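S.K.: The sequence shown runs -31 to -1, 1 to 156 under mature numbering (1 follows the signal peptide of the UniProt record, and there is no 0).
Check each hint, because a few of them may be wrong.
[Claimed, not checked] Label pairs and their computed distance ranges (CB to CB): (1) Val43 - Asp140: 33 to 43 Å; (2) Val121 - Gly141: 31 to 41 Å; (3) Phe63 - Val149: 11 to 21 Å; (4) Thr49 - Asp79: 28 to 38 Å; (5) Val43 - Thr109: 12 to 22 Å.
In case anyone wonders, no lab produced these hints; they're calculated from the structure.
Given the structure is predicted, the values throughout are model-derived calculations rather than measurements.
Don't be surprised by glycine CBs; every beta carbon is placed ideally from N, CA and C.
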Amino acid sequence: MPKKQSTTGGPTARRAVGVALAAGFLTLAVAAPQPALALTAEPAATPAKTATATAPGTATTATTATATTVPSPVGTWSVTTQESDHPASTGTLFFYADHTLRLEAHPGPDGKPVFIGTGAWQSGYGGTLHYAFTHPLPGTRTGTAYVALDGVLTSPTAFSARGLTKRVYDDGGTETVTIVMTGTKTA
């Protein structure tokens, strides 16, 4: 039986075609759309361009790097809290770098906070903020409050948040109320 004649040429030609195909494949692989990645922090700002005159009628464009800082709640905050069924109360909220928090709120007659809560926080894209904490419910109907809020840092020194407080009483009763909290950074 006679051998078939190759339509791609000799070994050198076939190797060249293989290299070209491989190069084309790599080009396609690099140029192909990639899946979007989830952002966990604010993207860096686009570099600003500045024009510098070098001679009459000409200009050069230089790129100046601009730094963007991701807002962080870490620090001490003076807060005002408004639950739907209580008058507004004030307190201090501490956001720690290890993503824990402590709330000292509603000063009692002795000046000490009635509510002392602990919990955790996490920040997201664009200064968003989620935090949750628990604190004991003192008074005639004791129990535990479970609080979860979502908010935003409106500036490096201010935030606003809203969410829900679920009260679980020692007598078996429960209730859920809305909560709004605003804060001003003090340290």
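S.K.: Next step is simple, just say for each hint if it's right about the structure.
M.R.: Tested hints:
1. Checked against the given bound of 33 to 43 Å, the beta carbons of Val43 and Asp140, roughly 38 Å apart, stay inside it.
2. Range check, Val121 to Gly141: about 36 Å between beta-carbon atoms, so the 31 to 41 Å window is met.
3. Evaluation of the 11 to 21 Å hint for Phe63 and Val149 yields a pass: the beta carbon distance comes to about 20 Å.
4. The hint said 28 to 38 Å for the Cβ distance between Thr49 and Asp79, and at roughly 21 Å that hint is violated.
5. The hinted window of 12 to 22 Å between Val43 and Thr109 is violated, with their beta carbons roughly 37 Å apart.
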